[in-house]
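A.B. asks: In case you want the letters, here they are:
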Amino acid sequence: MDASRRLILSLALLAIGWPVATAGGQELKRIDRTIGKLPQLHEPLYALAILGAKKETRMWLVVDKSSPQSTQHDVLFIDLDGDGDLTAENERVSHQDAEGHFKIPVLVDPKSGVEHTDFSLRLSPGSHMLSVRWRGGHKIGGGYPVDPKDGYMQFGKSPQEAPIVWLNGDGPFRFQPWYNDTLAIGGETDVKLFLGQEGVGANAFCAFQEHVLPEDEFVVAILIYTDKDGKQREATSNLDLRC
Amino acid sequence: MLYYGPVRVPDDARPGEAILRAYLLEGGKFESLPTDIPVHLTGGGDQADGNGE
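Just so you know, the protein sequences line up as chains Y and D, in that order. For the first sequence, position 108 matches number 108 in the numbering used here, and the numbering has no gaps at all. For the second sequence, position 31 matches number 31 in the numbering used here, and the numbering has no gaps at all.
Hints may be right or wrong, so weigh each one.
[What the hints assert, rightly or not] Here are the simulated SDA-like cross-link-like pairs (lysine to any residue), alpha carbons at most 20 angstroms apart as the crow flies:
{"hint": "1", "chain 1": "D", "residue 1": "Lys29", "chain 2": "D", "residue 2": "Pro6"}
{"hint": "2", "chain 1": "D", "residue 1": "Lys29", "chain 2": "Y", "residue 2": "Asn238"}
{"hint": "3", "chain 1": "Y", "residue 1": "Lys149", "chain 2": "Y", "residue 2": "Tyr179"}
{"hint": "4", "chain 1": "Y", "residue 1": "Lys192", "chain 2": "D", "residue 2": "Leu25"}
{"hint": "5", "chain 1": "Y", "residue 1": "Lys139", "chain 2": "D", "residue 2": "Asp11"}
{"hint": "6", "chain 1": "Y", "residue 1": "Lys139", "chain 2": "Y", "residue 2": "Lys157"}
{"hint": "7", "chain 1": "Y", "residue 1": "Lys231", "chain 2": "D", "residue 2": "Arg8"}
{"hint": "8", "chain 1": "Y", "residue 1": "Lys192", "chain 2": "D", "residue 2": "Tyr4"}
{"hint": "9", "chain 1": "Y", "residue 1": "Lys231", "chain 2": "D", "residue 2": "Glu26"}
{"hint": "10", "chain 1": "Y", "residue 1": "Lys228", "chain 2": "D", "residue 2": "Asp11"}
{"hint": "11", "chain 1": "D", "residue 1": "Lys29", "chain 2": "Y", "residue 2": "Arg135"}
{"hint": "12", "chain 1": "Y", "residue 1": "Lys192", "chain 2": "D", "residue 2": "Pro6"}
{"hint": "13", "chain 1": "Y", "residue 1": "Lys111", "chain 2": "Y", "residue 2": "Ile31"}
{"hint": "14", "chain 1": "Y", "residue 1": "Lys228", "chain 2": "D", "residue 2": "Leu25"}
{"hint": "15", "chain 1": "Y", "residue 1": "Lys54", "chain 2": "D", "residue 2": "Pro34"}
{"hint": "16", "chain 1": "Y", "residue 1": "Lys228", "chain 2": "D", "residue 2": "Arg8"}
{"hint": "17", "chain 1": "Y", "residue 1": "Lys103", "chain 2": "Y", "residue 2": "Pro125"}
{"hint": "18", "chain 1": "Y", "residue 1": "Lys192", "chain 2": "D", "residue 2": "Gly5"}
{"hint": "19", "chain 1": "Y", "residue 1": "Lys231", "chain 2": "D", "residue 2": "Thr42"}
{"hint": "20", "chain 1": "Y", "residue 1": "Lys157", "chain 2": "Y", "residue 2": "Tyr179"}
{"hint": "21", "chain 1": "Y", "residue 1": "Lys54", "chain 2": "D", "residue 2": "Phe30"}
{"hint": "22", "chain 1": "Y", "residue 1": "Lys192", "chain 2": "D", "residue 2": "Thr42"}
{"hint": "23", "chain 1": "Y", "residue 1": "Lys231", "chain 2": "D", "residue 2": "Pro10"}
{"hint": "24", "chain 1": "Y", "residue 1": "Lys192", "chain 2": "D", "residue 2": "Ser32"}
{"hint": "25", "chain 1": "Y", "residue 1": "Lys231", "chain 2": "D", "residue 2": "Glu17"}
{"hint": "26", "chain 1": "Y", "residue 1": "Lys37", "chain 2": "Y", "residue 2": "Thr87"}
{"hint": "27", "chain 1": "D", "residue 1": "Lys29", "chain 2": "Y", "residue 2": "His138"}
{"hint": "28", "chain 1": "Y", "residue 1": "Lys55", "chain 2": "Y", "residue 2": "Asp83"}
{"hint": "29", "chain 1": "Y", "residue 1": "Lys228", "chain 2": "D", "residue 2": "Glu17"}
{"hint": "30", "chain 1": "Y", "residue 1": "Lys228", "chain 2": "D", "residue 2": "Asp12"}
[To be verified] To be clear about the criterion: a stretch of chain D counts as covered by chain Y if any three or more of its residues have a C-beta under 8 angstroms from a C-beta of chain Y, and this derived list gives those stretches:
{"hint": "31", "segment": "1–10"}
{"hint": "32", "segment": "14–28"}
{"hint": "33", "segment": "34–44"}
Keep in mind the hints are simulated off the structure, nothing from the lab. In this text, a Cβ means the ideal position worked out from N, Cα and C, and glycines have one as well.
Can you make the complete structure from the sequences, with help from the hints?
C.D. replies: Below is the structure:
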């Protein structure tokens with residue numbers, strides 16, 4: 001389904017008064033992408049992490065080659081204090097483990113003071129995935145596509161092209177489908193959903209990376225469709241499985 | 001990481017676009033915003049696929 005069809009459907013639902021979570025992070029799209037001060041860079045790639053439910057903290061991440069001769073992006077600049085200046089000594093991370101992860105044991109949100117742990121950024125071909133244990137608890141991260149044939153999140157070649165990932169493990173949460181957007185009439189089709197937060201840019205959904213719902217809680221899915229007489233109908237399903 | 005289950009599409013559905021609204025029940029561990037996911041319904045006999053004209 002193309003973007004224009006999605007927009008028409010969303011507008012139609014809004015018009016009849018249903019609360020609709022914005023797809024694509026409309027608020028995030030308006031966030032200022034200015035970076036105050038950067039170190040000397042060679043071949044940078046950019047992403048912007050927004051922290052917390054109030055979206056108060058902007059934390060730029062810039063991966064770069066430590067020298068023009070480097071064969072890989074082996075250094076991470078991260079705006080730990082959220083001031084837009086990435087030149088501080090402690091904001092340059094060069095250590096990677098054997099699997100190519102950049103790691104920061106404790107990440108403190110400079111606006112809220114909340115501590116998150118086990119920040120990780122893994123760069124692999126076609127995939128730049130970050131994660132953190134929110135408040136030291138559940139692991140969240142991304143970015144995830146709807147369909148992996150579209151690839152996973154990749155950092156942008158400029159701040160304007162940077163994906164925006166919303167790290168918010170406090171909720172409220174949204175959903176993103178995984179794979180299937182086609183359902184057979186008269187049949188049953190498995191629908192799989194991520195639970196997390198929408199981002200901006202291709203494949204920027206930030207999801208829980210472990211199961212967080214209690215065993216007796218599940219996702220409810222209401223199919224809103226038009227019947228053969230042109231009347232709007234609803235059919236409810238419980239998505240009570242997990243994988 | 002994924003929550004899933006079978007979604008049944010009633011026999012009387014018209015082929016074309018529809019919405020799958022996902023949410024968590026109130027009073028649970030987490031709060032959600034109902035999220036509308038566009039889906040496409042196929043099959044269903046001789047109805048035209050698309051806008052149902």
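A.B. asks: Evaluate each hint against the coordinates.
C.D. replies: Results of checking the hints against the structure:
| no. | hint | verdict |
| --- | --- | --- |
| 1 | D:Lys29 - D:Pro6 | 23 angstroms, violated |
| 2 | D:Lys29 - Y:Asn238 | 17 angstroms, holds |
| 3 | Y:Lys149 - Y:Tyr179 | 9 angstroms, holds |
| 4 | Y:Lys192 - D:Leu25 | 17 angstroms, holds |
| 5 | Y:Lys139 - D:Asp11 | 40 angstroms, violated |
| 6 | Y:Lys139 - Y:Lys157 | 27 angstroms, violated |
| 7 | Y:Lys231 - D:Arg8 | 18 angstroms, holds |
| 8 | Y:Lys192 - D:Tyr4 | 4 angstroms, holds |
| 9 | Y:Lys231 - D:Glu26 | 28 angstroms, violated |
| 10 | Y:Lys228 - D:Asp11 | 9 angstroms, holds |
| 11 | D:Lys29 - Y:Arg135 | 16 angstroms, holds |
| 12 | Y:Lys192 - D:Pro6 | 9 angstroms, holds |
| 13 | Y:Lys111 - Y:Ile31 | 16 angstroms, holds |
| 14 | Y:Lys228 - D:Leu25 | 30 angstroms, violated |
| 15 | Y:Lys54 - D:Pro34 | 19 angstroms, holds |
| 16 | Y:Lys228 - D:Arg8 | 16 angstroms, holds |
| 17 | Y:Lys103 - Y:Pro125 | 18 angstroms, holds |
| 18 | Y:Lys192 - D:Gly5 | 7 angstroms, holds |
| 19 | Y:Lys231 - D:Thr42 | 18 angstroms, holds |
| 20 | Y:Lys157 - Y:Tyr179 | 27 angstroms, violated |
| 21 | Y:Lys54 - D:Phe30 | 17 angstroms, holds |
| 22 | Y:Lys192 - D:Thr42 | 18 angstroms, holds |
| 23 | Y:Lys231 - D:Pro10 | 13 angstroms, holds |
| 24 | Y:Lys192 - D:Ser32 | 16 angstroms, holds |
| 25 | Y:Lys231 - D:Glu17 | 14 angstroms, holds |
| 26 | Y:Lys37 - Y:Thr87 | 7 angstroms, holds |
| 27 | D:Lys29 - Y:His138 | 13 angstroms, holds |
| 28 | Y:Lys55 - Y:Asp83 | 15 angstroms, holds |
| 29 | Y:Lys228 - D:Glu17 | 13 angstroms, holds |
| 30 | Y:Lys228 - D:Asp12 | 6 angstroms, holds |
| 31 | 1–10 | holds (count 10) |
| 32 | 14–28 | holds (count 13) |
| 33 | 34–44 | holds (count 11) |
In summary, the numbered hints that this structure violates are 1, 5, 6, 9, 14, 20.
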